[in-house]
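Visitor: Let's have the full structure, built from the sequences with the hints guiding it.
The listed protein sequences correspond, in order, to chains A and B. The letter at position 12 of the first sequence is residue 12 when you use my numbering, and the numbering goes up by one with no holes. The letter at position 85 of the second sequence is residue 85 when you use my numbering, and the numbering goes up by one with no holes.
Here are the computed lysine-lysine pairs in the DSBU-like style, where the Cα-Cα straight-line distance is at most 30 Å:
#1 B:K103 / B:K39
#2 A:K43 / A:K65
#3 B:K107 / B:K42
#4 B:K50 / A:K65
#5 B:K31 / B:K103
#6 A:K43 / B:K42
#7 B:K39 / B:K50
#8 B:K50 / B:K31
#9 B:K42 / B:K31
#10 A:K43 / B:K50
#11 B:K107 / B:K39
#12 A:K43 / B:K39
#13 B:K42 / B:K103
#14 A:K65 / B:K42
#15 B:K107 / A:K43
#16 A:K76 / B:K42
#17 B:K103 / B:K50
#18 B:K103 / A:K43
#19 A:K65 / A:K76
#20 B:K31 / A:K43
#21 B:K31 / A:K65
Computed far set for chain B versus chain A, every beta-carbon distance over 12 Å:
#22 V15
#23 D17
#24 R18
#25 V19
#26 T22
#27 S26
#28 G66
#29 S67
#30 E70
#31 L78
#32 P80
#33 E105
#34 I106
Source of the hints: derived by calculation from the structure; they are not laboratory data. Ideal placement from N, C-alpha and C gives every residue a C-beta, glycine not left out.
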Amino acid sequence: QVQLVESGGGVVQPGRSLRLSCAASGFPLRDYGMHWVRQAPGKGLEWVALISYDGTNISFGDSVKGRFTISRDNAKNTLWLQMDSLRAEDTALYYCARGGRGLDSWGQGTLVTVSS
Amino acid sequence: DIQMTQSPSTLSASVGDRVTITCRASESFSKWVAWYQQKPGKAPHLLIYKASNLESGVPSRFSGSGSGTEFTLTISSLQPDDFATYYCQQYNTYPWTFGQGTKVEIK
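Guide: Below, the structure is given as structure tokens:
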């Protein structure tokens with residue numbers, strides 16, 4: 001069945017970088033656009049980024065534009081989120097999700113804490 | 001950006017009640033709205049896509065409707081497993097945006 005497993009979260013100082021990974025299995029990653037969504041502690045959901053099935057179309061939420069990049073390797077069944085110039089307000093649980101009928105499959109998330 | 005204003009933010013209801021949650025969009029569009037359920041400590045789970053299409057495996061007591069600027073999620077008869085937080089989301093235009101969430105609590 002569809003499985004998405006995020007990794008790479010941790011505690012990082014403001015201004016530093018972190019790279020998240022999402023390992024996909026159970027479906028052909030090359031056929032799907034993929035997304036990152038985050039949720040700050042006790043808060044709602046915030047859409048972060050999209051990468052199209054072939055990597056040619058990319059979009060970001062306003063709060064991360066210019067600081068985050070998204071990439072994928074369909075042969076390795078992996079999605080990445082490179083997060084630079086991290087801020088305290090980037091502290092959140094980061095989910096990767098498959099784009100299909102809306103966001104139809106989600107991982108369990110990886111926690112990023114930005115703190116000095 | 002399209003803003004999705006969800007109401008109410010909290011809803012107290014009893015088992016068997018009919019429950020309706022509303023999302024109002026800041027711009028009009030046809031049908032690209034999804035609804036998700038999230039339980040504490042768990043990832044969100046897709047319930048409804050394209051405003052009114054029931055995701056496979058989701059109980060038929062859940063339904064969605066709407067177009068333009070107003071979209072609704074209805075639970076026809078609330079069950080114990082339905083106490084959770086619900087989010088709407090528009091995927092008509094990037095950046096995609098979520099409503100603020102509705103927490104459905106036991107009355």
